[in-house]
Structures are given as C-alpha cells and as structure tokens.
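Engineer: Okay, here's what each chain looks like letter by letter:
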Amino acid sequence: MRFAVPIFPGSNCDWDCINGVEDVLGEEVQPVWHQTSNLDGFDAVILPGGFSYGDYLRAGALARYSPVMESVVNAANEGKLVIGICNGFQILQEAGLLPGALMQNDHLQFRCDFTTLRVENNQTSFTNQYKLGETIEIPIAHGQGNFTCDPSTLKELQANNQILFRYAGTNPNGSLDQIAGIMNRNGNVLGMMPHPERAIVDWMGSADGTRLFTSMLQAWKENQGAA
Amino acid sequence: MLKAIIFITLKESVLDPQGVAVKNSLHTMGYQTVADVRIGKRLEVVLDTMDLQKAEEDIRIMCEKLLSNPVMENFTFEIEEVDESAICSSNLSGI
Amino acid sequence: MLKAIIFITLKESVLDPQGVAVKNSLHTMGYQTVADVRIGKRLEVVLDTMDLQKAEEDIRIMCEKLLSNPVMENFTFEIEEVDESAICSSNLSGI
Amino acid sequence: MLHESTQTVAQAVKTMANEPTPENIRDQELYRNMGVLPEEYDQICGHLGRLPSWTEVGIYSVMWSEHCSYKNSKPLLRKFPTSGPRVLQGPGEGAGVIDIGDNQAVVFKIESHNHPSAVEPFQGAATGVGGIIRDVFSMGARPVALLNSLRFGDLESPHVRYLFDHAVAGIAHYGNCIGIPTVGGEVVFDPSYEGNPLVNAMCVGVLEHHELQKGVATGVGNPIIYVGASTGRDGIHGATFASEELNEESEEKRSAVQVGDPFVEKLLLEACIEMVKKEMLLGIQDMGAAGLTCSSAEMAAKGGVGLEMNLDLVPQRESGMTPYEIMLSESQERMLLVVEAGRENEVKEVCDRWGLQSAVVGRVTKGNRYQISHQGALITDIPVNTLVDDAPVYQREAKEPAYYAEFGQVDAYEQVKEVDPQAAFYKILGSSNVASKRYVYQQYDHMVRTSTAVRPGSDAAVVVIRGTEKALAMSTDGNGRYVYLDPEQGGRIAVAESARNVVCSGAEPLGVTDCLNFGSPERPEVYWQLSKAIDGMSEACHALSTPVIGGNVSLYNETNGQPIFPTPVVGMVGLIQKREHITTQAFQQAGDLVLLLGDTKVELGGSELQHLVTGSISGRPPVLDCETEQTLQAALLEAIRQGMIQSAHDLAEGGLALAVAESAMSGKCGVRVDWKNELPTIAALYSETQSRVMVSVRPEDGAEVISFFRERGVPIHEVGIVTEEPTITISYNGQVVVSDSLASITKLYEEAIPCKMRASSMN
Ligand SMILES: Nc1ncnc2c1ncn2[C@@H]1O[C@H](COP(=O)(O)OP(=O)(O)O)[C@@H](O)[C@H]1O
Ligand SMILES: [Mg+2]
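Protein chains in written order, with our numbering: chain A, 1 to 227; chain B, 1 to 95; chain C, 1 to 95; chain D, 1 to 763.
Note that these hints are calculated values from the structure, not bench results.
Ideal placement from N, C-alpha and C gives every residue a C-beta, glycine not left out.
Don't take every hint at face value.
As the list claims (entries may be wrong) - Calculated cross-link-like contacts (lysine to any residue; reagent style SDA-like; alpha-carbon spacing at most 20 Å):
(1) K65(C) <-> T33(B)
(2) K65(B) <-> A759(D)
(3) K756(D) <-> D106(A)
(4) K668(D) <-> S206(A)
(5) K470(D) <-> V201(A)
(6) K155(A) <-> V14(C)
(7) K41(B) <-> Q104(A)
(8) K65(C) <-> N74(A)
(9) K668(D) <-> G205(A)
(10) K578(D) <-> G205(A)
Stated by the list, open to error - Distance ranges between label pairs, derived from CB positions:
(11) S13(C) <-> G467(D): 47 to 55 Å
(12) L108(A) <-> P70(C): 19 to 27 Å
(13) H107(A) <-> S739(D): 32 to 40 Å
(14) E349(D) <-> G26(A): 32 to 40 Å
(15) N161(A) <-> V736(D): 52 to 60 Å
(16) L108(A) <-> A377(D): 45 to 53 Å
(17) N38(A) <-> G30(B): 16 to 24 Å
(18) D352(D) <-> R60(C): 28 to 36 Å
Please build the complete structure, drawing on both the sequences and the hints.
Structural biologist: Encoded structure:
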C-alpha cells in the first residue's frame, strides 16, 4: 500500500505521519510537495496536521488552493482513502470534501492534551480494527477544533453513521454533539481533530492510534482482494 | 438600545503577517492586481441604554482598555440607534 | 487604485465564543449595559486597477472562494478609489 | 561594487538629509538619547579618527549596549566554567553545543525577552521564542524542544493576569505554529515582578557533528546573503531598550515592539536546514538583537575580515526607510549567510522553493573596514573590530545590601511554627506557585514531532532521539526568593535543582545555559547580588561537572526604581542512555515503598510556607552543600540505571508534603505516609531543605535499595507506601496531618490557577 503525505508550507505533523505509517505498517509512504498536482500511484492520502500557511485567515483556508488539493479531490472522488488529521481535517472541510466547519475552541485557547474518544462506528475503512463503543486515548492539539454545522447536516451525519469518533470525556473544544471525527457519505474520506500518529507506542502515552492505520491497510487489502 | 460598530486596524508600520499570507494566496489564485491586504477587526457592541454621550465615553474606554491593543492598533467607532428586535439573539445568554 | 473594504461577520445562527467572552469581560469591568458583542473581520484589499466593475466581480469571488467561509460567515464590501500614497506601504513586498 | 579597502583611517561619510550632523551630535550630546555615554562617545571618535555620523553612533550604541556587549557583566561571567571534554562549542556563538555520542550533539540556549513582553506581552513573548529558535538552527541544528521560564506579579492584579495570559498565548502561538514542542518550564508569581515580568525562552536542538555551523564571514569576495522576512521599522533600538529600566517613558518607545511571523520562521528553518545538509554555508547568523548591524559586524569581526554592504539591496517592507532604520531594525525571521562566491544561485533556488525572499546584500572584503552604502553614498565606515572587541567594559562597585545582615538575625521557623500543619498543606497546594501549571502547558503543543516521552508535569521533560536508544532530559529552574535572601546559596541551588530534576528523570546532566535576570548593575547592591549569584552558580557547575555553554544577561529589570528579585534561571540538559531509564515523578504501583533520600533540616527562609503565612520572605534560604548534592545525584542516577527506581521526585517548593501529593496525583495512586523523626511537624513536612529526592521502589527491592544508598553515603528514610485506595494520608510521628481523597486534592491543585484567571484581565 502506498501512502502520500502532502506537505504544505507550515505543515508540521508531516513527518510524524510519515514515521507513523512506517513504524506501524512498514508500508511505503512518501512526502508530496504542495505544488505537485499528481497523486497517481498512491493508494491513500494523509493530510497532516500543523499550521499550513500559518493558519492565517482561517485554518486550512489558504492550503485549500494549493495545487496538490486538486489531486486530493480527485483521489477522493476515485474512492481512494483520504484522511485529514487536525489541520488536514480543516483543509478537507475548506475543500468541500467534508461538511461543517471547525471554529475556534469555545474556551478560546489552544488545547493540547490526551482525550478519550468513543468509537461510534467500526464498520469503516478507518475503524475496522476497533470495537464498537470502545474508548481510546488519543491526543489533541488545536485552537480551532470546535465542530459546527447546520442542524440538517448534523441529522444526516447521525443518520448515515458518519460520526466515527466522539469525545467521551469532557468536551475539549465545544464541538457540536461531541464530534471528534467524521467521514464522508462514501466512507473513504475521514477528518478528525485528534492525532492518531501521536499514539502509536506506549512511551507516547498510548498506542491506541495504531489501529487506525492497520484498519486502513486491512480495508485496502480487502478492496484489492475484491477487485 | 445603541449599537457601536468598532473597527480595529493595525497601525501602519506594524507587520501584518496574515495580510501578507492572504495576499500571496490571492496572487496564486490569479489575482495579480492585488497590491496589498491588511486585516483588522469589526466589532458590534450593543448597549442597553439610550444615553448617547455616555455610550461614546464608555465605548472609547472599552476600546482603550480591552478591545484594542494600543501598542499595535488603532480604533474608530460609530454608534447607531437600534431597536431591540434588531439584535442578534444568539449570544444573549452567557457561556 | 481601488480599495475594497470587506466586512466578514459570523452568521446570526452561529455562536460567537469570542464575542461572549468579551461581553463577560466587559461586564466584569463594570459595563453592565453591554447586551451583546459580535466579532468579525475587516479586510482592506488594494487593487492595482481602475476598473470598478471588474474589481467588484473579483472581490465578490475572492470573498466567496477564500475570504469568507459560507458555512459560518457572511460578507459585505464597499470599494473606494484611493491614490497611491494612501496605501499603507508596510506590506508592499512579498513575504 | 566590489572594491578592496585596506585603508586604516575611516573615510568621511555622508550625513542623510533629515539627520543631525556629526557636529550637532557632538555639541548637543545627542548620543545620550541612544544610551551612549560621553566617555563612550569620545572612544568612538578615537576609533574613527573623526566625528561619527548619526547612523554610526546608532551602530555603536547597539553594539555596545549591555544586551550585545555584556559590558557590565563580562568580568563576572568569566568565572563560569565553560569547558569540558564533551563541549564542542562554548559561549560565543548562537548557542552552545555538547557531544552526546554517535557523532551527534545537542545544542541549547536560553534568552530573555522581558522588556518587550512587559510592553506587549503576546508579541514580546512570541518573538522571544522565535529569536531563540533561530539561535539554535543557525548552529545547524534541528530544534527539538522548547522551554520557558516565566515570572509575573501577583495574579490578584488584572494587569498581571493580562500579562500572564497574553505572554503564555504568545509563546503558544509561536511554538505551536512552527511545530516545535514546548515541553517544560516554570512559572512563578511574586509581587517583585509586578511591573517587570520575566519571559525567558529556551530551545534545544540536535545535530550531527559535521553539520555544526558558525557565525563567521570568510573568503574575500564571498557574498553576504540576506534571507527571510523584509525589513521594516519595527523594533528599532530593541537592544538598547532591553538594556534600560522600564519607566513611564517606555510607553513612548512602543514602536520598538516587533511582530512575529512563525509561519515565515518555519520556512526559514526548513530552508536553512536544507542548506546545512547540502553543505552550502560558510557562515550563518541570525538577525536578532540589533538586527543587520550585529549579525554582520560579528560575522566580520570573527572572521578577521571587513565587509561592505549596500542597503539598497536589503528587502524592505516600508518605503523611505533611512540607513539608520535599516541597520537597526529588529524585524523578525531574518538570517544572514555567507557562501562561496558562485553559489548564490543555489541559495536562491532553495529559498525560492520555500517561498522565501533572499538577496545578495554585500561582500566580504580584505582588511577590517565595515562599510555600508546607501543610494550610492558611503554612510558608514568603521573598523569592525572596534564594534565587537573594543566595547567598553565596566567594573561596577559591589556593596552588600543592608537587608542581608538584618536577615541573618531572622528565624523563619519562629514565624511559622504556630501554623496548623493541615491548613498549611491546603494553603500551599492552592498557591499559584505550587499548584498545577496545566493552565499554561495545555496551551502548548508539547507532543508535536512525536518524540516527547515525558510531558510537562514531571520534574524534567524527556524527548527521545529517533533512531537511537538515547533521550534528552531538560529542565529550567531558578528561585528568585532564595537568591534575594542569599545570592550565593540561591545561585548554587538554581544549578543543583535543575541538575537534580534532570537526574530524577534518569539522565546525566550535561551542561547549563543560563539567563541572568537582575536589576540595574549600576546599583552596587544589585551588582553584589549578580556577582555572588555567579559565584554560587559557578561553584555548583564545577561540582556537578556541568559547564555553562551559553546564556544571556538581562539587566535593568526594574520598575520605577525597584529592582526585581535577582533571578538567575538555569536551563539544564541531560542525556539518558537508554529509553528504559526514563523515570518520572509518578507513583507506579500500589504496594511500592516510598523512600526519602537526604536529610531534612529546619529550613524555612524564603519558603512557600513563609511567604503564604507572612506575606513576605526573610531569613536565610536553605543551604546547599555541593558535595552532598553530587553524592546524591550520582547515587540516584546509578540506581535508576540499575532499574531499582520506580519513580523519583525532587523535593522543592512546599517540601515533603507537596512532593508526596504530586507523585500521587501524577500516578493517579493513593499514598500513605507515616514518618517518624525528631523535627517539629511544620519543618518535617514543609522545610525546603535541598539535596532531597523522594523515590518509590518495588517492595521486594526495598532492602537492597536502602543498603545501596547507605553504602554510597546517602541518608535514606522509609516514609510510606503507595496504595490502591485513592487517598492521600500523611501522618507524622503517629499524628494524621492530611487525609483526603486523591480526587479532592487533585481538584484543588488543578483548579487554583484557572480559578484566579476567570476574573477579567486588562491591558
Ligand atoms: N511555563 C511553563 N511551560 C511549560 N511547562 C511548564 C511551565 N511551567 C511549569 N511547567 C511544567 O510544570 C511542571 C511543574 O513545574 P515546577 O513546579 O516548576 O517543577 P519543579 O519544581 O519540579 O521544577 C514541570 O513539568 C514543568 O515543566
Ligand atoms: Mg523540581
């Protein structure tokens, strides 16, 4: 399985994601400069966290117009697995691949901490290695992770089981419906504020993030087998 | 009720990194004519009073002490009369 | 040259946590009459053109595509004529 | 523009239209406005062989400011031990460098941004972080961690809350955005910092030996290349500003505030590291204090060459800037490079790809002339070594302050002995100085780069080095109260405590970077404090084999004539050989034995308890014996490496009682302490005696651990046991002093600062 990790000016979790894929899966993973507009040959894309373009204007807004985003949109439309973590989630929303918006945290501060998440759907390409309702420890680090959307969008997300992760403890940012991560209708694009790549070895404080990566590999293999 | 519309802008010689980044993005998007971008704030403060003079005084002090940072920013404001129903209701309750 | 002054405000239905926090601070400071605070942005975009109609079109698209987020924000703008010297020079060159 | 200048007498230079003439400057003593003294002005005239122009006086004034030249502190700083077998670079470059084996080295430095933060806390603190990061990557290192040491007045004041909140937010903004984890630090609140907060930022980086860079210009004809953000009018005279006391007039100097752009710094960082990896650079130096002036002059002086620059080539953000403004601007996120002639395009190619500006602005010349031109005219011609090497040095007068003798008569224990020990516990637990600093560090991304093995909240932070078994432990410490009461003891304690923190995490202390935050050296009492503190620090550094490899001096920390507590801050970095040695303060397992290393004395001068009870401090601080400390640290490190220790926590503010509570809270375990001793209860539980560490060990290892420490001459006492039941019970000589649920104690500890911050703050 080949992973692409686009790097925007200001991305700073790019290498964490690359190391994560290598350490957990040992699969091929490549950094892709934001000016590249071709992602053919990759099976999955990880939009990393950080502060693309300094998070100026709105987090993710300026990155959305980087050339690489066109091919990310194409990859998503082709059904490839795309995951946006933290800033990557914000970019996916700005690009219209995921609904809603991430506003400033309700307490107005940046927040870095471990959070407890509940896995709300384990029948997906990103969560098939988790148990339904399982709680996992994954860190957050963001100033704008307060998920919001209009009531009809929320209903749809709930009805279609698109909410994959909710904050199970205290809501760390004011997110609507405790939402920590959502998937698109097709099930191949995930956006989440918590950082699974920061929870892959015990000394990091948790290894619960590993199974997100192994889930993706599993889904891809099944898909290969089916094809 | 009175509503103050307050504009807070960066002082001229203060760097506006955000403005620079937005300008560069607009260029990348093809808007080469964009010569400059500066980003400031616009605040609406609704006051439950009809005393215009007092309101002006209060708003000025609020701007100086809390709403703007006199080291880096300038402010201007205008005050208008509004009726109750015009006020956005979504923030009326506290956190 | 033309200068667009753009105002970006949160939609009414969207809670403005910063506005609420500022309102609470103003209360603590003794300004009990403050009934509501909403915080938005004010952008100045200077365009190196004199074509008003084109400028209006461009600015509208910039607002729709980049400067505002339609999920949570509204925008309005006005365009005025400025002479070169009126432009804040501090951001003239690139990064 | 290249011409060889070998003449030794300065040429007459042009005076700009709106500037005072050299004669005006002399006759009206205008140099005084820039902080240049009459005798210094005379020296400048002597160096030039003529009257200096306005720009030239400006250049001398910043180069000879305390911030750049250390003219008041140099003779004292010579006392620090600065060398050692592993030191690859001592003081004098952007940051010091220490070998950590496998051809790798650690680079670190601490720096103050106190005065800018007093005037504009958010940007002041943010640009402090930006500056220290540049110091580290200009050495060729990849920054891997940030720390910060903060001092503010009492949180009761709305303005202090504003300063605190905004400074922390500024640090968070810069570090989070650039993607370097902020893993540790300290925050102390004391009225002495009310008008003059301290914001010290530390950065730690890692490099391969061959990547080590220097700030030096070499090779006649080689280009000087400017990289990074454009130059604006911000921060002009920041270096001088940093060397003055704060007073009402500081308000007027607000133009000196710089705005940081961490996004551009991230690009600059990546571009510079790429150039280092590609071995493109001969010299690199960051434009920090005194901007283009300091970086270019220091590089030339160090290389024993001259240089010429054309200011028209300098990227400028504002129109109509004068040479004075361009030379003295402290715009952020800029770097100066020297490369071999012919490689200009390679630099440009890298910078372009990162979206960064770059420009060749000058050349290295033969001789020693520092020649600057602007719009076709020569506007500065100075023998460059006179800027760097000939800065004046002042031997100030030192005088023991009257309070010192008076405090010798004070018995701190007498002041607090009647306090109810239980009430004291809760009071200390909820004091802003002791209570949890989560409010601060949860705003910092402390996990980015996925190498943080010990997050904030333990004695030292630990960052692993990917691809190796090694890890780095780091801590900052400095107790201004102790230093005020006795600068020599306080200086020793600052070094010893930071080393102890690092040892508690399983590391061998490697070296020190220090930031000396003091009042005006022109006050004999302050100079005495400075001198004595340095004596104490030096002694401890010798004893613990931790050389000082770099640091920063911040003097004139006063408001309206009132100096702050003398506050040397020590940044310590240690090396952990194997990941399995990493140890934290958290209790691990119910049933583990709790042991206290070191003897406790009645030492309450300058203690948290004394301050809480009396509202001030007096008497003598705890005594630090270097030999005892060294013995303790060596034994503890050996025990950790042998796998005998489950947790280790240094005893500091609040003494034994607080250490017990902190280890329990960190480990989410209960604890039952039942200790018997001759000391009175208050002293036993709250004394801040040094050279003590609380460890926990597996019950089956207890006997072995006890004899291990006894054999090595370290006193050891069994004081308690870790429990399943989530309760903290502290009994002393059979009397229960504290017995409460872990949850309610944790709540008090965690809520103390957030609770105070809920009130409003005002600028
Ligand atoms: N300004 C700060 N930034 C980051 N971490 C901090 C800061 N202040 C305190 N901390 C963290 O909180 C913990 C407790 O700090 P402190 O009480 O000063 O520890 P100690 O007394 O052991 O030196 C440490 O892990 C420290 O790194
Ligand atoms: Mg400690």
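Engineer: For each hint, tell me whether it holds in the structure or not.
Structural biologist: Do the hints match the structure? See the list:
1. K65(C) <-> T33(B): Cα-Cα ~17 Å, so holds.
2. K65(B) <-> A759(D): holds, 15 Å
3. K756(D) <-> D106(A): holds, 19 Å
4. K668(D) <-> S206(A): This hinted pair holds, its Cα atoms lying about 16 Å apart.
5. K470(D) <-> V201(A): holds, 16 Å
6. K155(A) <-> V14(C): holds, 17 Å
7. K41(B) <-> Q104(A): Given that 20 Å is the threshold and the Cα spacing comes to 16 Å, the pair holds.
8. K65(C) <-> N74(A): holds, 19 Å
9. K668(D) <-> G205(A): holds, 14 Å
10. K578(D) <-> G205(A): Since the Cα atoms of K578(D) and G205(A) sit roughly 18 Å apart, the hinted pair holds (cutoff 20 Å).
11. S13(C) <-> G467(D): 47 to 55 Å: Given about 51 Å between the Cβ atoms, the range holds.
12. L108(A) <-> P70(C): 19 to 27 Å: About 23 Å separates the Cβ atoms of L108(A) and P70(C), which means 19 to 27 Å holds.
13. H107(A) <-> S739(D): 32 to 40 Å: Since the Cβ atoms of H107(A) and S739(D) sit about 34 Å apart, the hinted range of 32 to 40 Å holds.
14. E349(D) <-> G26(A): 32 to 40 Å: Given range 32 to 40 Å: holds, Cβ gap about 34 Å.
15. N161(A) <-> V736(D): 52 to 60 Å: The hinted range 52 to 60 Å holds for N161(A) and V736(D), with Cβ atoms some 54 Å apart.
16. L108(A) <-> A377(D): 45 to 53 Å: holds, 52 Å
17. N38(A) <-> G30(B): 16 to 24 Å: holds, 21 Å
18. D352(D) <-> R60(C): 28 to 36 Å: Holds - the Cβ-Cβ distance for D352(D) and R60(C), about 32 Å, lies within 28 to 36 Å.
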